[in-house]
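Residue numbers (my numbering): 85 to 335.
For the record, the hints were derived by calculation from the structure and aren't laboratory data. No experiment lies behind these values; they were computed from the predicted model shown. Treat the hints with care, as some may be off.
Unchecked claim - Derived DSS-like pairs (lysine-lysine); straight-line CA-CA distance at most 27 Å:
id: 1; residue 1: LYS329; residue 2: LYS215
id: 2; residue 1: LYS179; residue 2: LYS329
id: 3; residue 1: LYS170; residue 2: LYS328
id: 4; residue 1: LYS329; residue 2: LYS251
id: 5; residue 1: LYS329; residue 2: LYS217
id: 6; residue 1: LYS328; residue 2: LYS219
id: 7; residue 1: LYS251; residue 2: LYS179
id: 8; residue 1: LYS179; residue 2: LYS328
id: 9; residue 1: LYS218; residue 2: LYS329
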Amino acid sequence: MGRNWIFVSFVVGKKIENWTNSLNNTYVVMLLQEISVFLIMYVLFHKKVDFVRDGKSSVSLLSVFVMLIFPLIQIGDDLMAIFYGKRVFSLFSGKGIQFFVICCIASLSIGLMEEFVWRGIILNGFLSAWKDKKKGIYFAVLISSLCFGLCHYMNLLAGQEFLSTTKQAISAVCMGVFLSALYLQTNHLIFSILVHGLCDFSNFLMNEILGWDYSVWKYDDILQWILAGGYLLTGMYFVYRYIKKPTGKGW
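Please build the complete structure, drawing on both the sequences and the hints.
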């Protein structure tokens, strides 16, 4: 019963974001939004989310390296865009340093909140409900990731174009599958939080420093679709390995 209200609290947070976008300090507002939604979640559910799942993680360093290839490519692409693009302000200026700190706090808080909701509660809820079904883990990962992606259509209410929002939603579904696999493989929510937060951070940093209206590399759109496909395939592969691996055995 309580889990059904998760969508209520999440929608409240998204609505807060929509009508505060006009404020100058958007990232401070984003941070306050995530804190407020977290408090609403706690009041509604009193739901404890364990950051460490039951069971010993058996993931190897090689598995971790393979899983991190696509996040590293994404972050590297953002950093290269910052390096080669035409910057509207310097990262080493007063404004740049202030933004860097605010962006870091805001992006990690978003990673914390969204992973708490979509992997910590929604994914675990589906896993508990479908644990006895033959393909229950696949369904849990795919449906929780689909819900995570569809939630991004709330950005239409803020005036974002439908096509851009659809691309964002599809990418979010693929990223959701990957983050779910990372959570299952490591048994630690903190790894999903850090990857989510760092990817958001590099993206926020790039967009702000380059002024949101830029074109550094003409094939960037193609790369983004390759990354989305990479997240999806990598995620599904490691979900498969998680299901098939013997207890206590790693790659």
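How the hints compare with the structure:
1. LYS329 x LYS215: 16 Å, holds
2. LYS179 x LYS329: Violated, because 50 Å separates the two Cα atoms, which is more than 27 Å.
3. LYS170 x LYS328: Violated, at roughly 48 Å.
4. LYS329 x LYS251: This hinted pair is violated, its Cα atoms lying about 34 Å apart.
5. LYS329 x LYS217: This hinted pair holds, its Cα atoms lying about 18 Å apart.
6. LYS328 x LYS219: Distance ~12 Å between LYS328 and LYS219 Cα, so the pair holds.
7. LYS251 x LYS179: At roughly 31 Å apart (the allowed maximum being 27 Å), LYS179 and LYS251 break the hint.
8. LYS179 x LYS328: 50 Å, violated
9. LYS218 x LYS329: Since the Cα atoms of LYS218 and LYS329 sit roughly 15 Å apart, the hinted pair holds (cutoff 27 Å).
Comparing the model with each earlier hint shows violations of hints 2, 3, 4, 7, 8; every other hint is respected.
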